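> Given next are the chains, with one letter for each unit.
4 protein chains.
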Amino acid sequence: MIKAGIIGATGYVGSELVRILHRHPEVEIKVLTSKNHKNQIYNSIYANFSNICEMKCDENDLDSVVNQLDIIFLSLPHGVTSKLLTDNILKNAKIIDLSADFRLKTVEEYEEWYGIKHNNTVLLNRAVYGLSEWKRELISTSRLIANPGCYPTCALLCLLPLIKEGILDEEHIIIDAKSGVSGAGRSLNLGTHFSECNESIKAYSVVSHRHTPEIEQQLSELNGNKISVTFTPHLLPMNRGILCTCYGDLKKPYSYNDIKKIYEKYYVNEFFIRLMRKSVFPETKWVKGSNYCDIGFSIDERTGRIIIIGVIAYSVLTSK
Amino acid sequence: MIKAGIIGATGYVGSELVRILHRHPEVEIKVLTSKNHKNQIYNSIYANFSNICEMKCDENDLDSVVNQLDIIFLSLPHGVTSKLLTDNILKNAKIIDLSADFRLKTVEEYEEWYGIKHNNTVLLNRAVYGLSEWKRELISTSRLIANPGCYPTCALLCLLPLIKEGILDEEHIIIDAKSGVSGAGRSLNLGTHFSECNESIKAYSVVSHRHTPEIEQQLSELNGNKISVTFTPHLLPMNRGILCTCYGDLKKPYSYNDIKKIYEKYYVNEFFIRLMRKSVFPETKWVKGSNYCDIGFSIDERTGRIIIIGVIAYSVLTSK
Amino acid sequence: MIKAGIIGATGYVGSELVRILHRHPEVEIKVLTSKNHKNQIYNSIYANFSNICEMKCDENDLDSVVNQLDIIFLSLPHGVTSKLLTDNILKNAKIIDLSADFRLKTVEEYEEWYGIKHNNTVLLNRAVYGLSEWKRELISTSRLIANPGCYPTCALLCLLPLIKEGILDEEHIIIDAKSGVSGAGRSLNLGTHFSECNESIKAYSVVSHRHTPEIEQQLSELNGNKISVTFTPHLLPMNRGILCTCYGDLKKPYSYNDIKKIYEKYYVNEFFIRLMRKSVFPETKWVKGSNYCDIGFSIDERTGRIIIIGVIAYSVLTSK
Amino acid sequence: MIKAGIIGATGYVGSELVRILHRHPEVEIKVLTSKNHKNQIYNSIYANFSNICEMKCDENDLDSVVNQLDIIFLSLPHGVTSKLLTDNILKNAKIIDLSADFRLKTVEEYEEWYGIKHNNTVLLNRAVYGLSEWKRELISTSRLIANPGCYPTCALLCLLPLIKEGILDEEHIIIDAKSGVSGAGRSLNLGTHFSECNESIKAYSVVSHRHTPEIEQQLSELNGNKISVTFTPHLLPMNRGILCTCYGDLKKPYSYNDIKKIYEKYYVNEFFIRLMRKSVFPETKWVKGSNYCDIGFSIDERTGRIIIIGVIAYSVLTSK
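Chains as they are written, first to last, in numbering that gives the first Met the number 0: chain A, 0 to 319; chain B, 0 to 319; chain C, 0 to 319; chain D, 0 to 319.
Because the hints were derived from the structure by calculation, they are not lab data.
This one's a predicted model, so the numbers in the text were calculated from it and none came from an experiment.
There's no promise every hint is true.
Remember, identical chains collapse to one label, so a pair may be satisfied in a single copy or spanning two.
Stated by the list, open to error - Derived lysine to any residue pairs resembling SDA-like cross-links, with alpha carbons at most 25 Å apart:
hint	residue 1	residue 2
1	K259	S204
2	K264	G165
3	K225	K250
4	K250	S227
5	K287	I51
6	K277	S43
7	K287	P24
In isolation and in its complexed conformation, chain A is listed as follows (with noise of 0.2 Å):
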């Protein structure tokens, strides 16, 4: 049996990763933490809950756990996590970071878009971006795991093929997504008070979320160029799930079957990805609960434009 953590265990993400680890067969949940609320039993804070985990929260000390431990998740907020990992504690256990401050490349650009203080280059450096289906085997031997964010998660899945074959012009991707408020976590925000999003739709952070260049690296990364993206989140009245729908204008024209041939190149044997059949796109609902992300694409032959449409549920290997 693994022996897994959470710190940071009553936030959604939090709440996530102890839903689908209590009934893994492989893993045994040994410590959940939380800053607001230790010593609370963590079933009078997610009644759902209620006879199937009577957990106590512990504080939020990682340096008394780790030796406990073999996997730890850290479901912190942005700047917490790259102060608190030490070499010791990746010597003791696994790391699986939700939180972004090890999923840009350089400290540059996540002091630029997260506009806080990053110390920690060398465990940067070590750090592996982990989108399970494009970076399985430095995933399996990484010591600190960068989770995805859940935009990027989505967006990326979609267009990765394409890019990795070369097929978009680089300069015309553009990624219009769609969130329900769970994304937006526990956190109280009028933004996300229910008189003030329900029965109504919004894009938030036009041209400057910082999910942007967690995109653009991973794409960059992959096609060799340098790839910019317009990227624009819009928030929905609904609990869960998010679609991405991705534009790119393919560099001259290919069939359906053409295109189709490079999912499965990549995606065949991938099981939490299902391809749609032709004409079929897929639907939030469709994955929800699950890791499933379900892709379904077009082709618009007036302008030579591809339309790809990606659904997950954000579930336990995305975060905010």
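Since the structure of chain A is already known, use the hints to place chains B, C and D on it.
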């Protein structure tokens, strides 16, 4: 008092017309007709009109009512109006047609996109596309107004000033649109069954939605060049409202203020257009129950792209 | 023109007051105040008022504005108004207090249910409970109107005619109430965070809600006997509207028409009460955005019980 | 492995059966049938089952499949099952009928409340009412299980312990129930059209819902006296979940702990019943996607009444 009739008054578009005309100080509703609900009291169908509208629904017989009316709103399925309308009717009353029958410029395009015959080329040539902000004079003098579709209303109001000024690359216009469910009308359909569409989002009619040629024709007419767009509508779990996220490549660099001046040039005196302050992007709830179109935009300097966001409530002046 | 001021204009109750008073032909809004948003333009807080209300929010200083006003709406937290109001203020302007401070008949009951001190017995005795349909004359002559709570408004309008006629067993009145989320106001709270309350229903304040004594006092006053009720409110995933399902045991058998006549006796000329036809039970959407209270009922002959269902939109005349 | 068949697999009840049975370690689904979707792949109807259930839907022919099966779930419209079932079928397989055909005790009551003929008195007498917590032994030995309705499941689990102990006044039991929309099934209907039921609440089938006699029969059977209840269901704008607020008059005063002991007496070992701590009242989201029934209660000492609140997700063990 202007004497008004609504033919097809029991659909959602019809009920919005009743709501708005009922409190219009210069309009008197004289006739409501309904095929499915003839001889029923209007408020037995829409109980919110109890004690407000006690009229009975007549049959859908246009000829028998045209003499009593100054203006007639036709809220009938696509393909019906073009068969129904005659010179005699147009002599007697001004017609605002809320179907798509007179929106496109040629019978050929209509038949290609709507898949049904259209035999009324003569009237088609006399119809005016009823986007008030851009065709006010023609609307005031014409007898036959083709009311714009809901998506085109929103998308065109966002794009036309920039298209008119010729500052957008004509080959890279993308409209990613999001709509509430009532836009699909009151007819029963699995896709708009509550349990099917609640808590989910999907794209539909990808690269094939009928509003595409309508948008393209109006853009091309104003610009002079033939413009093709990629238009992708999405269905959201909320009752009303449309948000269009429009993407365009600027032919050369423009500042925020340059663009702002262009919008002000065309819209500063338009009562129903509200231009947002810098960095403010409209939400659909801001225009709920109104005729307003709120517009905000941002320039993505990294990619040379402009993102324009507009919202409407698809009130009386729009229809599916 | 009646000169009106709204003290506490940026909560949901305040914004409804702005909406309704703004288009009232005989009212001019002269003052809006806000503790949290002073000196801000009102439509920067509620963007739906762009181009509609361009007023700036003043500070919450009642004394400095009372001389310019004929009527003042106080939309402040419970416990504040009773400290604020003075004889001098009441001499200058008529007060409609939307808090609970002057709703209950005695200081003792107020302090028991609200858990805070109330030092203003003198004014309490001068206040009128502002349920227009039952206290119209007193409201018109009094200087201090205690605006009814949202649930009591709906429940009392349903029950008072039957209570007044004395046909219900006073010991078996149950009110099962359901409310949308905006009734909880604009203050942030985990219970009204979108992801917490969407797609779920819960009861709250079971056997302890503060509106219980308010309902009981008004029922008892009209009936002469001391009446206790069981009142259970529930929170629903929708923005607005209250539905009360009221259960009462009929002292002896009555026909549908007997009861109908009772409702008509009291409400036939009441503009804002709409009595439903037999077998029609109101839905909250029928009263959306209005001051209507729609009421329907049915007699359960098997059990000798009457079920009365009322809905309101908790518009300007109610508050939490 | 138990070989299971689902007759009528493409309704919402059927799809829940597929979901639950599919991951049941001791069950193998051998047959799925559908009248409307025969020969279609199951996941072309419910795309969430892509890569999970690749079975094809057969015709609804019970006789041809009964020999291959150990257990058959019948998820067919009311009135169909009673005509379909034969001794021969029951000899071959155990039947769990999710319609109402075998829930009521007599043909007369069935015909009165359902308005259709029921010719199968013989089988009716052999059927067991399948509420596991109260009929476990009979369920295990019977060949024909009448699966309880959704509302009765929730209401009975709340009320039966108190009824069995005889502590409630039999003449004053009121059940005020609230349900999400999927309880109404997948058939199209104006009442469950998104734009009609979203953002609203209504009562329906007031004093006439078919689950009333089902509840009454089970309460009466356990209590010995003939019990009548008032049952009022309401439709809420959410997908799933039922909350029942049950009101009863206590024959004499009981403390919270007295009542708690009664619930524990019957439910302490019941896996799917979760009794809430004092002052905790369950929310429907706590049981989402599960078979749990969460129960909380409070005593209203002022009126001598008990309020019991129960929630279920109407999962596989319930049906409309």
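> Next, verify each hint and record whether it holds.
The hints, checked one at a time:
1. With identical chains, the CA atoms of K259 and S204 are at most 25 Å apart between copies only, with a shortest distance of 20 Å across copies and 33 Å within one.
2. When the C-alpha separation of K264 and G165 is checked against a cutoff of 25 Å, the pair qualifies only within one copy, where the shortest distance is 14 Å, while the shortest distance between copies is 42 Å.
3. Taking the shortest Cα distances, K225 and K250 sit within 25 Å of each other both inside one copy (16 Å) and across copies (21 Å).
4. When the C-alpha separation of K250 and S227 is checked against a cutoff of 25 Å, the pair qualifies both within a copy, at 16 Å, and between copies, at 18 Å.
5. Proximity of K287 and I51 under a CA criterion of 25 Å is satisfied in both settings, with 21 Å inside one chain copy and 14 Å between copies.
6. Taking CA atoms no more than 25 Å apart as the test, K277 paired with S43 passes between copies only; the shortest distance there is 12 Å, against 46 Å inside one copy.
7. In this assembly of identical chains, K287 and P24 lie within 25 Å of each other by CA distance both inside one copy and across copies; the values are 21 Å within and 22 Å between.
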